[in-house]
Amino acid sequence: MKALRISEIGKTEFCEVDPPAPGSGEVLLKVRHVGLCGSDLNTFRGLNPLVELPRIPGHEIGGRIVVSGPDVPEGFARGASAIVIPYTNCGQCAACRKGRVNACQFNATLGVQRDGGMADHLCVPWQKLILNDSLPARHLALVEPLSVGFHAVARAGVKSGETVVVLGGGMIGVGAMLGAIGRGARVIAVEVSHAKREPLLALGVEAVINPRQQDALEAVQDLTNGDGADVTVEAVGLPETFLAAVDMACFAGRVVYVGYAKEKVPYNTALFNLKELDMFGSRNATREDFEAVIDFATSNPETSDRLISRVFDWDDAPASFAWWEANRNETFKVVVEFPE
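In the numbering used here, the protein residues as written are 1 to 340.
Simulated from the structure, these hints should not be mistaken for lab results. C-beta: ideal position from N, C-alpha, C; glycine also. Errors might be hidden in some of the hints.
Claimed, not checked - Here are the simulated lysine-lysine pairs, DSS-like style, with alpha carbons at most 30 Å apart:
| id | residue 1 | residue 2 |
| --- | --- | --- |
| 1 | K98 | K159 |
| 2 | K98 | K128 |
| 3 | K262 | K98 |
| 4 | K2 | K128 |
| 5 | K128 | K30 |
| 6 | K275 | K98 |
| 7 | K275 | K264 |
| 8 | K275 | K11 |
| 9 | K262 | K275 |
Said to hold, decoys possible - DEER-style ranges, computed between Cβ atoms:
| id | residue 1 | residue 2 | range |
| --- | --- | --- | --- |
| 10 | N225 | S309 | 29 to 39 Å |
| 11 | E206 | F106 | 19 to 29 Å |
| 12 | A77 | A270 | 24 to 34 Å |
| 13 | R306 | K98 | 32 to 42 Å |
| 14 | E340 | F251 | 31 to 41 Å |
| 15 | E13 | S309 | 19 to 29 Å |
| 16 | E276 | K98 | 30 to 40 Å |
| 17 | E276 | E16 | 30 to 40 Å |
| 18 | A261 | I9 | 35 to 45 Å |
| 19 | S24 | V311 | 21 to 31 Å |
Please build the complete structure, drawing on both the sequences and the hints.
Spelled out as structure tokens, the structure:
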């Protein structure tokens, strides 16, 4: 079976791996589409501390069922389209015991801690599939990344009429923006790419602040009558954006961190107390978040179309990482499309 692996920093190549066979409770999936995530790009760039090379990337996966193993419910029939939930959960750790399986202490995400979906076929437990025959096939690969942003908004309990500032206009940030807009919030984006300004406004964002062109904190203050945001969502992963999320939050506001800062963050912790902030970490997504994104995508197919920046055929997939690296400022989502 053909698979694409990141063999070393800056290098991708096709390789042959043993074809998977479904065991008890497992489903064999013919992979149809895989979206490239920022974590995949960081793996390619040698900046993902969670990955050991070589690694088959890919955790944003849509496909069709080929065959089901024993002890799989009847509904998982050959030819049915499905979205993969790419995380594992042990069922025993503190997070799992609390029902927050997305934050499992021992999670191993496809394409990160274990080989992923960038291969002709993939075996997954049936519980990690969401059947969906209504969305266009390409859109199935968008559900997982958008759900991570939806989860961040859910963590903060965003309400109608609130002002939400999202730092970062990648797909996770876009998911947070769309999730907040869907809840009736007013959304302000902070994004350094000028090329993304108009597309973000077209999604329903009220304003886009470019911190390279203006004082972002001052701009947020101007747009909120000096209050700051009810909720800030950090979806970049840099120390300066971690700090900005606190600065831009209003008194009694909420801060949600989705990004991973690779360096220590020198906080002025007095603001935690003075503002009495609620601060949340946000990791992965729940099945409920996936379902919320599916509902959104079903009602807004044109939005999903606009978020796909380029589609690579499977035979051209090795070039997809270098292309994204060279076109990061203009890119929302790169999708690899497999033959039927």
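Does the hinted range 35 to 45 Å hold for A261 and I9 at CB? violated (21 Å)
When you take the CB atoms of A77 and A270, is the distance between them in 24 to 34 Å? violated (59 Å)
So the hint says 19 to 29 Å: do the beta-carbon atoms of E13 and S309 match that? At roughly 23 Å between Cβ atoms, S309 and E13 fall inside 19 to 29 Å, so the hint holds.
Hinted pair K128 and K30, Cα distance within 30 Å: holds (15 Å)
Hint consistency between K98 and K128 [alpha-carbon to alpha-carbon, up to 30 Å]: Roughly 19 Å between the alpha carbons, so the hint for K98 and K128 holds.
When you take the CB atoms of N225 and S309, is the distance between them in 29 to 39 Å? holds (36 Å)
Are K275 and K98 close enough, with their CA atoms no more than 30 Å apart? Holds. K275 to K98 sits at ~29 Å (cutoff 30 Å).
S24 versus V311 beta-carbon gap, inside 21 to 31 Å or not: violated (36 Å)
Is it true that the CA of K262 sits at most 30 Å from the CA of K275? Distance of about 26 Å is within 30 Å: holds.
30 Å limit on alpha-carbon distance, applied to hinted pair K262 and K98: holds (28 Å)
Just tell me: holds or violated, for the beta carbon distance of E206 and F106 against 19 to 29 Å? Once the Cβ atoms are compared, 41 Å apart, the range 19 to 29 Å for F106 and E206 is violated.
Given the range 30 to 40 Å, decide if the beta-carbon distance of E276 to E16 lies inside it. Between E276 and E16, where Cβ atoms are some 57 Å apart, the hint is violated.
In summary, the numbered hints that this structure violates are 8, 11, 12, 14, 16, 17, 18 and 19.
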